[in-house]
Amino acid sequence: MSGHVFHPGHHDLHGITVVLETNSGLWVGRFDSVTPKGVLLHDAGCYEDGVTEGTREEYLRKTLKFGVRATVKNKLIPEQDVRGIRQLAEVSA
Amino acid sequence: MPYPESLVAPMRAEMTSMGAVELRTVADVDAAVGSATGTTLVFVNSVCGCAAGNARPAVKMALGHGVLPDRTVTVFAGQDLDAVARARSYFGEYQPSSPSMALLRDGEVVHFVHRHQIEGRSPQSIAADLTKAFDTYCSGPVSA
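From first to last, the protein sequence lines stand for chains C and H. Just so it is clear: in the first sequence, position 68 is 67 by numbering that gives the first Met the number 0, and no numbers are missing. Just so it is clear: in the second sequence, position 105 is 104 by numbering that gives the first Met the number 0, and no numbers are missing.
Hint data in this document are derived by calculation from the structure and do not stem from the laboratory. Hints are not guaranteed to be accurate.
As the list claims (entries may be wrong) - Quick list of in silico lysine to aspartate or glutamate cross-link-like pairs, EDC-like style, CA-CA up to 20 Å:
1) C:Lys61 to C:Asp48
2) C:Lys61 to H:Glu4
3) C:Lys36 to C:Asp80
4) C:Lys72 to C:Asp31
5) C:Lys64 to H:Glu107
6) C:Lys74 to C:Asp11
7) H:Lys59 to H:Asp128
8) C:Lys64 to C:Glu89
9) C:Lys36 to C:Glu89
10) C:Lys64 to C:Glu52
11) C:Lys61 to H:Glu107
12) C:Lys74 to C:Asp48
13) C:Lys72 to H:Asp81
14) C:Lys64 to H:Asp128
15) C:Lys64 to H:Glu92
16) C:Lys72 to C:Glu20
17) C:Lys36 to C:Glu78
18) H:Lys59 to H:Glu92
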């Protein structure tokens, strides 16, 4: 059973917790796929510039320590809004 | 919606065969975690092959270490919903993810391994982090 994967053939980031940057903030969630309507994340939380307390870096530090505080089960982010995607695990504390 | 039991049974068995006690009800969780003193490793199992496929072997490797928690228990995310919710209620500020692992000492989380710390890593690497936590938190006096 170890190593068994139920969803072969998906995007390399499928199932990986990612940080997706937009012009107005960050989304952190489990990457599902790139659809014609945008990037689909699951169990996602967000940092909004000027709205969420603290800085983007502070939000990521807290997320690294305590995990993703998910606010939505599914989040579709239009591709034109995406400024970058990286794995949460690659973010330095 | 839970997966068919026939599909998850081998994943449950993988944990219990290494000595983890499976907790399937709220009462099970309260009995095992709620009033436990000493150290307890709680493994939140998952059907996700992306991460759980490496997490379970990592726990097995770590349980071969010389210093161990007093007990190892497991709940199954997406399957035993009430038991998992109850287990997570003991994790304080740590957010739900699966698979994940919490090491508790006298009821407090002293070390947590999130899903994002499991994804893409080898069982050996995950086990090394876990055994380091065992060395730190499981070898000293735990109760006054």
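Against the structure, test the hints numbered earlier, and report the numbers of the ones violated in rising order.
-> Violated hints: 2, 9, 18; rest satisfied.
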